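Enquirer: Residues per chain are reported as follows:
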Amino acid sequence: MTVQRPNSFRTGPDEHGRFGIYGGRFVAETLMPLILELEQAYATAKADPAFQKEMDGYLTHYVGRPSPLYFAERLTEHCRQAASGLSAGGAKIYLKREELNHTGAHKVNNVLGQILLARRMGKKRIIAETGAGMHGVTTATLCARFGLECIVYMGAVDVERQKANVFRMHMLGAKVVPVESGAKTLKDAMNEALRDWVTNVGSTFYCIGTIAGPHPYPMMVRDFQSIIGRETREQMQAAEGRLPDSLIACIGGGSNAMGLFHPFLDDDAIEIYGVEAAGHGLGTGMHAASIAGGRPGVLHGNRTYLLMNEDGQINEAHSISAGLDYPGIGPEHAWLADVGRIKFLSATDDEALDAFQLLSKLEGIIPALEPAHAIAKVLELAPKKPKDHLMVVNLSGRGDKDLDSVARHLGNKAR
Amino acid sequence: MTERMDRRFAALRREGRAALVTFTMAGDPDAATSLAILKALPKAGADVIELGMPFTDPMADGPAIQAAGLRALQAGQDMKKTLAIVREFRAGDDTTPIVLMGYFNPIYVYGVDKFLADAKAAGVDGLIVVDLPPEEDGELCLPALRAGLNFIRLATPTTDDKRLPAVLTNTSGFVYYVSIAGITGAAAPDPGRVSGAVARIKRHTGLPVCVGFGVRSAAQARAIAEYADGVVVGSALVDAAHRSLGPDGKPTAGTVTAVTDLVRALAEGVRGARRVAAGA
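Protein chains in written order, with the working numbering: chain U, 1 to 415; chain B, 1001 to 1280.
Chain U with its partners taken away, still in its complex shape (with noise of 0.2 Å):
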């Protein structure tokens, strides 16, 4: 698909919540009052100093920010190693250790931003989606903070693969309801959420995990995760005294990549590269990569790439990270894939998992298994480029959560 390049790619959306087709607000009109009025809301939040001041007070005092923007010495050697047959060259690696936020993951800068949102628009129950339970767990835990009722659904497939997480919503006070519908994952999670929202409309925030939705989440979610990529600009030019040359991040729904992106959009010179997840593999059907496998279609609230059979049902998404198992992407992604901003690669199962175990053993950071797909990928993409390319990769989450399906993956072969 070829698109007009943009004066600038960060001007986005317009006033019909658009990134170019993509995005929108495809609701039932129950819900239609309720999103106008979440975009006021936010729009008014927005430019409130004091609504920003009080972000900034929980980012630093209870998420723990800014995260460290920590250079990858043993990473850097073994690329470079890589190379040294090639180029004699091999790109220095930095890591945005987004793992090492509260609740373990880039998650929470979202759920911070939504929750102090819902209270001031004075809602007191929350409802959130979550596949892996990652965003549940996050929803829970800020809603147990400020004491806030919270029912997270969750597909019923993913309850028995996740019982770790689905414990520790019980623990923060939350409600986790296991869906029964359709294939009992993900997008199931959000259909559920979706009709509780539609039913208890004047009393219920809905809190999205992602930057996909109707308008105004793709673009609020994205504004709530643009600190990882403003954090990394100013931190890269202490480190360096200059900006990155390139970044790259896994995408499911796409909220980490943005927020590492979004504020370097417009600086021409670096490279960005997405990560999708590939699963068994692009070939075989069984992957979640909407951009290399899907087509523009409308599904929870957005216009955006999805994966769909000729009759535009859903297919569902296979990969071995839950949070990237999702047959959709952020409409964001979808316009910035087809103006060309954007470079999207994809990592298979295999490579995630061989990513993961790497990375655990040269730096000491066990990964969640899905920016083990963006290290894949930093394993091509380092070695073929020059010493003095500066490269960032998302760390987005820890891998603790992992532990369990890793172990059953590799069998006898991880000792």
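Bear in mind the hints are in silico, worked out from the structure with no lab data behind them.
In this text, all values refer to a predicted model and were calculated from it rather than measured experimentally.
Positions of the beta carbon are idealized from the N, C-alpha and C atoms, including for glycine.
Just so you know, not all the hints are guaranteed correct.
Selected chain U positions facing chain B (in silico; Cβ < 8 Å) [stated by the list, open to error]:
hint: 1; residue: His16
hint: 2; residue: Arg195
hint: 3; residue: Val339
Below, a list of computed lysine-lysine pairs in the DSBU-like style, where the Cα atoms sit at most 30 Å apart [as the list claims (entries may be wrong)]:
hint: 4; chain 1: U; residue 1: Lys53; chain 2: U; residue 2: Lys124
hint: 5; chain 1: U; residue 1: Lys387; chain 2: U; residue 2: Lys361
hint: 6; chain 1: B; residue 1: Lys1039; chain 2: B; residue 2: Lys1081
hint: 7; chain 1: B; residue 1: Lys1080; chain 2: U; residue 2: Lys184
hint: 8; chain 1: U; residue 1: Lys46; chain 2: B; residue 2: Lys1162
hint: 9; chain 1: B; residue 1: Lys1162; chain 2: U; residue 2: Lys124
hint: 10; chain 1: U; residue 1: Lys184; chain 2: B; residue 2: Lys1250
hint: 11; chain 1: U; residue 1: Lys361; chain 2: U; residue 2: Lys384
hint: 12; chain 1: U; residue 1: Lys123; chain 2: B; residue 2: Lys1162
hint: 13; chain 1: B; residue 1: Lys1081; chain 2: U; residue 2: Lys184
hint: 14; chain 1: B; residue 1: Lys1120; chain 2: B; residue 2: Lys1080
hint: 15; chain 1: B; residue 1: Lys1043; chain 2: B; residue 2: Lys1120
hint: 16; chain 1: B; residue 1: Lys1120; chain 2: B; residue 2: Lys1202
hint: 17; chain 1: U; residue 1: Lys343; chain 2: U; residue 2: Lys361
hint: 18; chain 1: B; residue 1: Lys1039; chain 2: B; residue 2: Lys1080
hint: 19; chain 1: U; residue 1: Lys123; chain 2: U; residue 2: Lys184
hint: 20; chain 1: B; residue 1: Lys1250; chain 2: B; residue 2: Lys1043
hint: 21; chain 1: B; residue 1: Lys1081; chain 2: B; residue 2: Lys1250
Use these hints to put chain B onto chain U, whose structure you have.
Expert: Chain B in isolation, oriented as in the chain U frame:
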């Protein structure tokens, strides 16, 4: 907008009664059975027919209609087959209006212009697309009106007087008042509140106002038919069809009559209503 729709509501006005609007899912439990149900509906008392276009992710539907859509998809239903059902129905009935109801993605993927042309040619009279609010009118609503199809919008308890004109602007055929904030087949509507809401909508439009979501019994249908121009029943009919299936999920000899028996009872309810002005 389409003659069939306007004629049907004009005739009902002359009769002095409300319409019974039925919803069934195309392809549930299979294409042949759903066509047989459709063909039997007018004689059983359905005045306007809504036919569901199955979708994997029906965000505004309750368990009954979700399951019906999945049964249809599993039986191989797709948009082409749904339009074929309408075409076959239309060959034997040129007066009962048919409204296709569903979600935007299958239409978008089929291609909006092609869909409108094929739907019109098949004998479709109107569309209800749940996830297209007035803010997205350019997507399908305006092209549908240009193609000569009604675009029937949902008004809900959250649609206040300020928003109502926007909702009604490009609506045609009838207005579908969703009696509860919620999903299909959920709680029963509160008759007093619904009556007030219908009166409120009628102050803004001359279009017929039909009421649905949560209507299951002849008694409920009768109560609503006293002040509304139509009563929509969906989940209860889908449930009736589902309960009639064999243990293997296949239709039985009783599947069509399970639906038509309930439609007959509902039609009696609607016809037995004493008409009063809405909100009175």
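Enquirer: Find the hints from earlier in the document that the structure breaks and name them by number, from lowest to highest.
Expert: 3
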